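Number of protein chains: 2
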Amino acid sequence: MGTIAFEDLSPGTMIDLGEIQVDREEMLAFNQRFDPQPFHLDEDAAKRSVLGGLCASGWFTVCLWMRTYVETVLADSTSQGSPGGRDLSWPAPVFPGDLLRMRLEVLGARRSRSRPGLGLVEIAGSALRGDDYVLRMTFTGMFSTRG
Amino acid sequence: MGTIAFEDLSPGTMIDLGEIQVDREEMLAFNQRFDPQPFHLDEDAAKRSVLGGLCASGWFTVCLWMRTYVETVLADSTSQGSPGGRDLSWPAPVFPGDLLRMRLEVLGARRSRSRPGLGLVEIAGSALRGDDYVLRMTFTGMFSTRG
Numbered sequence: 088m089g090t091i092a093f094e095d096l097s098p099g100t101m102i103d104l105g106e107i108q109v110d111r112e113e114m115l116a117f118n119q120r121f122d123p124q125p126f127h128l129d130e131d132a133a134k135r136s137v138l139g140g141l142c143a144s145g146w147f148t149v150c151l152w153m154r155t156y157v158e159t160v161l162a163d164s165t166s167q168g169s170p171g172g173r174d175l176s177w178p179a180p181v182f183p184g185d186l187l188r189m190r191l192e193v194l195g196a197r198r199s200r201s202r203p204g205l206g207l208v209e210i211a212g213s214a215l216r217g218d219d220y221v222l223r224m225t226f227t228g229m230f231s232t233r234g
Numbered sequence: 088m089g090t091i092a093f094e095d096l097s098p099g100t101m102i103d104l105g106e107i108q109v110d111r112e113e114m115l116a117f118n119q120r121f122d123p124q125p126f127h128l129d130e131d132a133a134k135r136s137v138l139g140g141l142c143a144s145g146w147f148t149v150c151l152w153m154r155t156y157v158e159t160v161l162a163d164s165t166s167q168g169s170p171g172g173r174d175l176s177w178p179a180p181v182f183p184g185d186l187l188r189m190r191l192e193v194l195g196a197r198r199s200r201s202r203p204g205l206g207l208v209e210i211a212g213s214a215l216r217g218d219d220y221v222l223r224m225t226f227t228g229m230f231s232t233r234g
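As given, the protein sequences belong to chains Z and H, one line each in that order. Numbered according to our numbering, the first sequence spans residues 88 to 234. Numbered according to our numbering, the second sequence spans residues 88 to 234.
Please keep in mind that the hints were generated in silico from the structure rather than gathered at the bench. Since the model is a prediction, treat every value here as computed from it, not as a measurement. Check the hints yourself; a few may be wrong.
Repeated chains share a single entry, so a pair holds when one copy, or any two copies, can fit it.
[To be verified] Cross-link-like lysine to any residue pairs, in silico, SDA-like; alpha carbons within 20 angstroms at most:
1) K134 <-> A179
2) K134 <-> L161
3) K134 <-> I107
4) K134 <-> S97
5) K134 <-> R202
6) K134 <-> G184
7) K134 <-> E94
8) K134 <-> A211
9) K134 <-> G217
10) K134 <-> L194
11) K134 <-> A196
12) K134 <-> G204
13) K134 <-> R223
14) K134 <-> P178
15) K134 <-> T232
16) K134 <-> S169
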């Protein structure tokens, strides 16, 4: 049983998930495998696109956020997965070498009516480059309660 | 300039993106790298979780959907990326060996007011195992117009 349970994730809780630098090779390998659009693979094609330069698949940014969330919170928690989310935005493209600060904020929490011992936590996740958001998303996390 | 442009993605358009089988090794490598929660890595831990068995990170399912979307549509299109989405759900866990049918439906389309030559397309993407949805999401795709 993990240390961080439903009861620890009350509305208003903010957690700094740390920083991660976008590794060019890892980004390109991800883009190639899952999102091989020209502006995610080719510098010249990317410069001609509205994105302005070779950039990360938005899903890669999400995955980097997820990695820091698991390392910082979920690895030592009662997490039981997620049924989904309701907002996801990529306000700006992410480039190799970018230093991203990952954060989360708990927006809401309630006990499940259908599953005793389980709580649903509304979480806003974000990634910032300096003061600019490059990722914002809201999703529901399921966590076992302590009781 | 790709063949599939904004004008081809009118509301009501449905596209079968084909089938993909969940490869256990690729799934585990993804889970390990981006979402190393116990129920995504360890068979016994997964059986004790509400998920019921070793299963894919929801982001892996999203990435498999994205791969089929790029291969079937975006690779030969005027795609200019995506600013985000508004709904994302994983109605059921995905297991190794599952055969997933990927689909998309165009929900809406409008020309950008701020960027002439660009159109915004509302797309519902889904993955089904048999008759059951395992992924549903709605997002906006940006496509250049032909004009």
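Okay, the hints, checked on the actual structure:
1. For the identical chains of this complex, K134 and A179 are intra-copy neighbours only, at 15 angstroms inside a copy versus 40 angstroms across copies, given an alpha-carbon limit of 20 angstroms.
2. With identical chains, the CA atoms of K134 and L161 are at most 20 angstroms apart between copies only, with a shortest distance of 18 angstroms across copies and 38 angstroms within one.
3. For the homomeric pair K134 and I107, neither the shortest alpha-carbon distance inside one copy (25 angstroms) nor that between copies (32 angstroms) is at most 20 angstroms.
4. With identical chains, the CA atoms of K134 and S97 are never at most 20 angstroms apart, being 44 angstroms at best within one copy and 28 angstroms at best between copies.
5. For a Cα distance limit of 20 angstroms, the shortest separation of K134 from R202 across copies, 17 angstroms, qualifies, whereas the shortest one inside one copy, 51 angstroms, does not.
6. For the identical chains of this complex, K134 and G184 are intra-copy neighbours only, at 17 angstroms inside a copy versus 39 angstroms across copies, given an alpha-carbon limit of 20 angstroms.
7. Taking the shortest alpha-carbon separations for K134 and E94, neither the intra-copy value of 48 angstroms nor the inter-copy value of 24 angstroms comes in at or below 20 angstroms.
8. In this assembly of identical chains, the alpha carbons of K134 and A211 never lie at most 20 angstroms apart, being 32 angstroms within a copy and 28 angstroms across copies at closest.
9. For a Cα distance limit of 20 angstroms, the shortest separation of K134 from G217 qualifies neither inside one copy, at 23 angstroms, nor across copies, at 42 angstroms.
10. Taking CA atoms no more than 20 angstroms apart as the test, K134 paired with L194 passes in neither setting, with 38 angstroms inside one copy and 30 angstroms between copies.
11. Neither within a single protomer nor between protomers do K134 and A196 lie at most 20 angstroms apart by alpha-carbon distance, with minima of 43 angstroms and 26 angstroms respectively.
12. Taking identical chains as interchangeable, the C-alpha atoms of K134 and G204 lie at most 20 angstroms apart only when they sit on different chains, with a minimum of 17 angstroms there against 51 angstroms within one chain.
13. For the homomeric pair K134 and R223, neither the shortest alpha-carbon distance inside one copy (25 angstroms) nor that between copies (32 angstroms) is at most 20 angstroms.
14. Taking the closest pair of Cα atoms, K134 and P178 come within 20 angstroms of each other only inside a single copy of the chain (18 angstroms); across copies the shortest separation is 38 angstroms, beyond that limit.
15. Taking identical chains as interchangeable, the C-alpha atoms of K134 and T232 lie at most 20 angstroms apart only when they sit on different chains, with a minimum of 18 angstroms there against 50 angstroms within one chain.
16. In this assembly of identical chains, the alpha carbons of K134 and S169 lie at most 20 angstroms apart only when taken from different copies (16 angstroms versus 37 angstroms within one copy).
Hint compliance for this structure: hints 3, 4, 7, 8, 9, 10, 11 and 13 are broken, all remaining hints hold.
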